[in-house]
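Work out the full structure, taking the sequences as your base and the hints as a guide.
In order, the protein sequence lines correspond to chains A and B.
Numbering (the working numbering) for the first sequence: 1 to 102.
Numbering (the working numbering) for the second sequence: 1 to 102.
Hint data in this document are derived by calculation from the structure and do not stem from the laboratory.
Here the structure is a predicted model, which is why all the values come from computation and not from measurement.
Treat each hint with caution, since some may be false.
If several chains are the same, the list does not tell them apart, and a pair holds so long as it fits within one copy or across any two.
Said to hold, decoys possible - 25 Å max Cα-Cα, derived DMTMM-like pairs, lysine to aspartate or glutamate:
| no. | residue 1 | residue 2 |
| --- | --- | --- |
| 1 | 98 | 50 |
| 2 | 7 | 53 |
| 3 | 99 | 53 |
| 4 | 98 | 53 |
| 5 | 7 | 50 |
| 6 | 7 | 68 |
| 7 | 98 | 10 |
| 8 | 98 | 4 |
| 9 | 99 | 12 |
| 10 | 98 | 77 |
Number of protein chains: 2
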Amino acid sequence: MIVEAQKLIDMETLERVAPIIRLTSHPIRLRILDILNNSQVPVNVNNLTELCESCQAVVSQQLRILRDQGVVTARRDGNHVYYSISNTSVLLILDCIKKHRE
Amino acid sequence: MIVEAQKLIDMETLERVAPIIRLTSHPIRLRILDILNNSQVPVNVNNLTELCESCQAVVSQQLRILRDQGVVTARRDGNHVYYSISNTSVLLILDCIKKHRE
DNA sequence: CTCCAGTATATTATTATATATATATTGTGA
DNA sequence: TCACAATATATATATAATAATATACTGGAG
Chain A
1 MIVEAQKLID METLERVAPI IRLTSHPIRL RILDILNNSQ VPVNVNNLTE
51 LCESCQAVVS QQLRILRDQG VVTARRDGNH VYYSISNTSV LLILDCIKKH
101 RE
Chain B
1 MIVEAQKLID METLERVAPI IRLTSHPIRL RILDILNNSQ VPVNVNNLTE
51 LCESCQAVVS QQLRILRDQG VVTARRDGNH VYYSISNTSV LLILDCIKKH
101 RE
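Structure, rendered in structure tokens:
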């Protein structure tokens with residue numbers, strides 16, 4: 001065989017990371033991650049909604065997807081909910097995009 | 001606002017790259033890319049099928065998706081079809097996976 | 001021309017994702 | 001307690017992705 005199988009990333013790893021990559025295959029989720037990555041402090045839903053140029057329900061839905069997968073975490077303060085990144089591994093994808101844009 | 005909008009990756013870019021990222025959010029497509037990336041020469045469908053630990057129809061289907069998006073290219077030689085990568089930008093994702101695995 | 005290996009496509013069922021809109025929940029301040 | 005702002009969820013619908021299987025196409029050997 002032309003390629004040695006043991007040099008490849010094993011299928012278990014690929015099956016594990018594929019859904020994580022899929023998490024980042026949506027423009028609003030990418031934008032949310034980019035915002036949180038650029039902020040020194042957690043960002044509330046209102047601000048996220050504005051910066052996403054979208055509507056609140058859509059943003060909340062996408063936040064839930066990210067929360068369910070443990071990518072972001074939420075903290076309530078009064079009637080605001082502040083989000084931040086809890087798993088930085090997905091940020092590598094953002095770096096890819098920035099790198100590739102140049 | 002906590003984050004300056006102009007520092008963010010613009011939405012047009014995110015909308016453009018999201019579908020490309022989605023291309024890589026499937027274990028078999030990741031495996032195909034990893035194989036082609038590790039091979040010095042184009043690889044035919046039979047070999048890809050074996051290395052993907054899958055069946056021929058599934059691999060051909062995934063190859064078509066990658067071909068349609070210009071990520072891989074095919075060259076026929078007799079009754080074999082040899083594939084290679086035609087757009088290296090997706091390989092950044094593979095690097096992310098390898099980097100993150102460590 | 002026929003057969004076969006190699007490859008591609010079609011079909012179908014199932015499941016997942018996306019989008020829009022409406023409604024529910026939660027906490028605060030009057 | 002009531003109203004409101006902030007956030008979350010529900011629902012409906014449309015669209016897309018996946019998987020499995022069967023079938024079709026293509027080129028070479030005989």
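Taking the hints in turn, this is what the structure says about them:
Proximity of residue 98 and residue 50 under a CA criterion of 25 Å is satisfied intra-copy only: 22 Å inside one chain copy versus 35 Å between copies. In this assembly of identical chains, the alpha carbons of residue 7 and residue 53 lie at most 25 Å apart only when taken from different copies (15 Å versus 43 Å within one copy). In this homomeric assembly, residue 99 and residue 53 come within 25 Å of each other (Cα to Cα) only inside a single copy, at 24 Å, whereas the closest approach across copies is 32 Å. Taking the closest pair of Cα atoms, residue 98 and residue 53 come within 25 Å of each other only inside a single copy of the chain (20 Å); across copies the shortest separation is 34 Å, beyond that limit.
For the identical chains of this complex, residue 7 and residue 50 are inter-copy neighbours only, at 15 Å across copies versus 45 Å inside a copy, given an alpha-carbon limit of 25 Å. In the homo-oligomer, the alpha carbons of residue 7 and residue 68 never lie at most 25 Å apart, since the shortest distance is 33 Å inside one protomer and 27 Å across protomers. In this assembly of identical chains, residue 98 and residue 10 lie within 25 Å of each other by CA distance solely across copies; the values are 11 Å between and 27 Å within a copy. With identical chains, the CA atoms of residue 98 and residue 4 are at most 25 Å apart between copies only, with a shortest distance of 17 Å across copies and 32 Å within one.
With identical chains, the CA atoms of residue 99 and residue 12 are at most 25 Å apart between copies only, with a shortest distance of 16 Å across copies and 28 Å within one. In this assembly of identical chains, residue 98 and residue 77 lie within 25 Å of each other by CA distance neither inside one copy nor across copies; the values are 33 Å within and 38 Å between.
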